[in-house]
Amino acid sequence: MVAEAAAQPDEAAHPAERDRATAASPVAPVLELEDAFPDFEASSLPNALLRLRLCPGECVLIETHDTERATALADLCSGMIPLIRGTVRFMGYDWSELDQERSLALRGRIGRIHARGAWASLLRTHVNVMLPMLHHTREPVASIAQSALELAQQVGLPGLPLVRPDRLGESDLVRAACVRAFLGEPQLLLIEGAAIGAESAELMPVLLDLLLRALDRGAAAVCFARDLPLWRRQHFPMSQRLILLEDGLKSMRDL
Amino acid sequence: MLAAIGRFTRERVSFPLMLAAAGWGVIREAIRPVSWRRTVRHEFNLTMRQTILGGFGSTAVTACLAGVGMVYESLYWLGMAGEAQLTSTVLVTVLLRELMPLLVGLILLGRSGMLTLTELTVLQTSGQARTMLAQGIDPFLVFVLPRTLAFAIASFTLGMIFAAFALVFGYVVSNLLGSVHDSLGRFLSHLVGALAVRDYLIIPAKLLAIGYLVGLGSCLTGLTASPDDELASVMPRGFVHGILSIMITDILLTVAS
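Chains as they are written, first to last, in this note's numbering: chain A, 1 to 255; chain B, 1001 to 1257.
No lab work stands behind these hints, which were simulated from the structure alone. Mixed in with the good hints, there may be bad ones.
What the hints assert, rightly or not - The following residues of chain A were derived to be distant from chain B, with all beta-carbon distances above 12 Å: (1) 35; (2) 94; (3) 116; (4) 127; (5) 132; (6) 201; (7) 202; (8) 205; (9) 212; (10) 229; (11) 235; (12) 237; (13) 238; (14) 240.
Claimed, not checked - Covered by chain B, per the in silico footprint, the following chain A stretches (three or more residues, Cβ under 8 Å): (15) 74-85; (16) 96-106.
Just so it is clear, the structure is predicted and the values come from calculations on it, not from any experiment. We put the beta carbon where it would ideally sit given N, CA and C, even for glycine.
Sequences and hints are given; from them, build the entire structure.
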């Protein structure tokens, strides 16, 4: 992938940050929440310290029945929620130390399945799907479209949907959301499980397949599960199982 | 009491301040080559096409009506008063410098500004703008920058179309009704002669500034809508912002000239 000059996090970052990122061990975490204490006013997250360390190839399942809270935690991982103290690092970069331009460029390396407001209604679905790649990279449109088409066929779509998102059925929208999330080989996958309801259960084996391939190439993933049995049934390769409670992220084994 | 006064003042002042800040932000981003990614370029081209082609019919019809009213009436009444030599000056001052920027601004606001307002309000209130931010796509860069600049250029283009239609159609009708005996070339030549140097500056400046502010105001009104806002409440607000932008810009540039 050929990245836009300003959109390339490695070039955009401050030299000190880059040194810290490169000096780290080969198993430097992709995502790290280090005693992160989010601004309570700016999110619906619990008023507690959050800790999470996710290395390449790791996948964590976070159980929460509160969709809004899952979205807020995904936002926190994406550097969109201010912290009172602590740090959130992605690919070695502390979100709070990056300016807006660099933060936006770095977010281009995150693939996400959104639970709410996932589709820009003024754009057609195929443009929505390819938009992050079109914006952050200089890869030819034909090449992006070809990759998107291959992914679309893998998730069971006959092709890239050309209609507006509000014309698509729920199941097709979830499939299109998978295409968008996995397009461009992102380093981190944030999968808001609320977007995948029981009606899309047949999509789970495909999602598992895509996820396994992403983990194999060194990406990390955070899955937010509302319907836990749906996720357990597919034997997802979870390195950690956590639950989001009022006092923070807790391991399921500790409960 | 003090809080109420403060709240009232802040509410009234916040939008003009935001408009000024965002206006500067658009100029600053526009001169950076890195801002012009293909998504931004695509949005710019799309908005240009939508505003110019979409507004062409309305502009042409309005211009013909204004042309008949202004050109024919001026030629007829000034001719009756024995002041036919003032026709070109009156047309330049009233039609081209004052009426044309106002009418083009109103067409732009009604035809394209309200559409932008609706689209961006939905984008903001349904969480789509936040989704774009989560993907690393800044709605300011992708929508506000290209649309604002496209509106400014479209306003100038529509202004020129307006002037051409109004003068030519006005001349044709006047000629048919027998109130003008010069050729079209001579009529236009007199008009060009009546244009002062400042008119060459003030007319484009008015058109560009009005288009710029209509575009920027529509985008900002949409993107600053709160989750509780509905289209029914945002649209009148956007319309008032647009009308005020047009009127104030027109008056300020007239006074300044």
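inquiry  = If you test the structure against every hint from before, which numbers come out violated?
reply    = Hints 3, 4 and 5 are the ones this structure does not satisfy, whereas the remaining hints hold.
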